[in-house]
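Participant: Here's the letter readout for the chains.
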Amino acid sequence: MSDSLSKLEKRTAYTLVLPAVLLVFAIVLFPIFANVWISFKDIELKDIRIPEPRAKKIVKSISENQSELKIIYKLRNSSLIQEIRNVKFQDKFPTNVSPINLDPRCNFQSKKVVCDFGNWQAKFRENFEITIQNNNGEIIDRKIIKSQKPILSGKADNPLLTTNFTLENFKKVFYENNFVELLLTTFYFTFFGTVGAIIFGILAAQLVNQNIQGRTYMRGILLFPYVGPVVALAYTWTLLLDPNSGTLNALLVNFNIIEKPINLLGQKYITMSILGFEFKLRLALTTIIFFEIWRYFPLAFLFILARLQAIPQSLYEAAEVDGASPIQKFIHITLPQITAIISILFMIRFIWNFNKFEDIFLLTGGASGTRTLPINVYQQGFAVSDIGMGSAVSIVIVMLLLSFMIIYFRLIGKRANEV
Amino acid sequence: MKFKSLAIFLIISSFFLTCILSIWKIMATLQGVSFTNLNITPVFLIGILLSLTFVLIGNKLNHLIKILLLSFIFSISYFYLNEASPYWYIFGVFLITLFFTNKLKKYNMQSLQEDFISEKIIFDFITLFGIVFFAFVILFPFYIMLVTSFKTQIVLLVNPLDFSLDFTKSLTELFKSYFVIFETYNFGRYILISSAVSIGTVIVTLLFAIPAAYAVARLNFFGKNFLSTSILIIYMFPAIVLVIPLYTVFSQLGLRNSIFGLLIVYTATTLPVAIYMLQGYFKSIPKEIEDAGIMDGQNWFGIILKIIIPLSLPAIASVALYVFMIAWNEFLFSLMFLDSPKSFTLSRAIQYLSGDAETPRQYLMAGSVIVTLPVLFIFIYFEKYLVSGLTAGSVKE
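Protein sequence lines, in the order shown, are assigned to chains A and B. First residue of the first sequence: -12, per the working numbering; consecutive thereafter. First residue of the second sequence: 111, per the working numbering; consecutive thereafter.
This is chain A alone, in the form it adopts within the complex (with noise of 0.2 Å):
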């Protein structure tokens, strides 16, 4: 009895769960491992259709009286790289229209001429000719012919299935790529750029969760930037940076405190000099970083007021009574009770800025060194047209991010339940 029951559970368990399952495996799993397949494949963007024989018809009148007609197919193969096999050709003619010296691997059969090419070579191109009359002798109507279309066909693999594999593509990442400084602006773009809106995250999470006057009020509107779509974000801080006509560059031109506007996302470098010691500033980066900032701390406050709110208020209380000043407060009661659910969050934003693609794609698009992994993915893809480099720069994201998860999972994972 209990056993039918338990198998009736698992069998209605597996209804349920497959189809989000199968969902989640078609369109997350599959790709993921497809970019490894395609990471080792010479291919580009153009490539990527199956081969097919094309022919374009154009019809020449060669006698006077019109009742002979020339023919020419543009015959090639759509495919750079791959041979069509086993092509196969058919047109159709009208009634009385018989073609004359015939192509020798052409049939002419009721009112068909059908023609076996065999292979064509990748790039093939070949000028067929066909040369018909009239039996009667009469004039041959051109635009019967002409909107009759050939029918051709043939075999050819998926340029996506061939096993013609190469190591090229790793080579290029790593050699040719400038791999080195591409990785350090990810590492700077990401570590900063959390750590940031972490530390924005604790002063504003610290601010709300005093008794202040419209505390709700001030939680929604942290929330905003979190929640506004990225586009629309982007393309105002891109108005407002502006070096041109920018709001900000204005304004700090207006009140003398820079002399020039600076072109805050469409420049490498900046000098600054501090106490005397001059050094260079990655401009672009550092806006990007800011932006980053600016759109990522609402969700790190969001955690961490939830655990403020959580501390029991007796511990800030008998502190008081111990006569605990407010740092003192801050360090030795607050701070332990955030550690757990910062590195978290530090894990969890530094993995998903890693991963960032579309604010610094919409702000400088990778321009003034700004370049990061994922931007390089697309560049390479899609710019470049190179997609068996762009996933090769794909393979090498979810490698590091498979070991950073394994980090995370040795270091913090055992806490993430606690919490």
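Fair warning: there could be bad hints in the mix.
Stated by the list, open to error - Rough simulated footprint, nothing fancy, chain B against chain A, three-plus residues with beta-carbon under 8 Å:
1) 0 to 14
2) 94 to 108
3) 161 to 172
4) 238 to 248
5) 253 to 262
6) 266 to 275
7) 385 to 397
What the hints assert, rightly or not - Lysine-lysine pairs mimicking DSSO-like chemistry, simulated, CA-CA at most 30 Å apart:
8) K316/A with K215/B
9) K98/A with K159/A
10) K61/A with K130/A
11) K316/A with K393/B
Stated by the list, open to error - From the structure, some residues in chain A lie toward chain B, with a derived Cβ separation under 10 Å:
12) E(-4)
13) S50
14) G141
15) N145
16) G207
17) L209
18) W281
19) F333
20) I338
21) I362
22) I374
23) G377
24) S381
The set of hints was computed from the structure by calculation and includes no laboratory data. Ideal Cβ positions, reconstructed from N, Cα and C, are used throughout, including at glycine.
Fit chain B to the supplied structure of chain A, relying on the hints for placement.
Facilitator: This is chain B only, laid out in the frame that chain A set:
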């Protein structure tokens, strides 16, 4: 000791006042008032004088009379110290000073001798400063977005600081950018597509997620633990590594430029979060209620439909709002999969608009306002649900 805390009090409070007044001045500058100097030093100095007089007067005067008087004197001296400024601006200064002196209420010569008073002063004013700072920094870009959509490119190029709105113009004139993007750039269609994709994603996600979450929460089956861990891991995998394979496969299947293609991608990427959020809630429903349902001879379909769903409406609302927000805001996949203006979503349409350098910025900002407003409205209206959705699902964005 007393002197030290007094000095800290004067400096910090005056610094705070200077900051608010500077922000006020910046906002006034953006209304077309031609200020060229923030006058930080003089303002800071009279701020110190103000705070000093405040604590020196102490309780000798009624609080209300005291702050009115002090604010009035401060505003007058501010008026003479500053460049020519309109009266509404000075009135704003007066109100700010009133607010500021009111905040000083709890400080007097006695309270400055309490324990840790310096730290308390710093904490107090940093809190005030922080609120003003965060509110300003967050709202300012939204303000610029909104106001730019009512201006014109030419006016903004001539004076990038003049964001004042001319309300004497007719409404059609004021909302011109909005009319243009609807008429010329077809934004009505994009709103429909975005809504269809987002609402569709919510419905399909819930259809898939509710049964799956129920199974994970309640039933025993082989691979359950593996499934719940992999949900967490799948969260972490970013869209950017899925893009190339999906692009190639969708190209071959003819799914690019189709709303259906977008819908399945959105559904699949939000499913793990949705399942994770829902199963947590389902677990909190007492099992006895379900047992009653089983007694009545309900099968799993009946249990989910008649017991689980009615009991977990708040959680389902959170998930629905969260998924809607993700789908509405999504950009990367719509950039990759949609090339034809016929199938653009709002985000993609705005990005497409910006690709043409000739597009005046007010159109871009009008589009941005249109794509932002629904999310902000939903957020404000359903904040409670969305916040719990955000906290639960925040591992994923």
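Participant: State for each hint whether it applies.
Facilitator: Cross-check of the supplied hints:
no.: 1; hint: 0 to 14; result: holds (count 12)
no.: 2; hint: 94 to 108; result: violated (count 0)
no.: 3; hint: 161 to 172; result: violated (count 0)
no.: 4; hint: 238 to 248; result: holds (count 4)
no.: 5; hint: 253 to 262; result: violated (count 0)
no.: 6; hint: 266 to 275; result: violated (count 0)
no.: 7; hint: 385 to 397; result: holds (count 3)
no.: 8; hint: K316/A with K215/B; result: 25 Å, holds
no.: 9; hint: K98/A with K159/A; result: 55 Å, violated
no.: 10; hint: K61/A with K130/A; result: 18 Å, holds
no.: 11; hint: K316/A with K393/B; result: 37 Å, violated
no.: 12; hint: E(-4); result: 5 Å, holds
no.: 13; hint: S50; result: 45 Å, violated
no.: 14; hint: G141; result: 17 Å, violated
no.: 15; hint: N145; result: 7 Å, holds
no.: 16; hint: G207; result: 6 Å, holds
no.: 17; hint: L209; result: 6 Å, holds
no.: 18; hint: W281; result: 7 Å, holds
no.: 19; hint: F333; result: 13 Å, violated
no.: 20; hint: I338; result: 5 Å, holds
no.: 21; hint: I362; result: 9 Å, holds
no.: 22; hint: I374; result: 5 Å, holds
no.: 23; hint: G377; result: 5 Å, holds
no.: 24; hint: S381; result: 4 Å, holds
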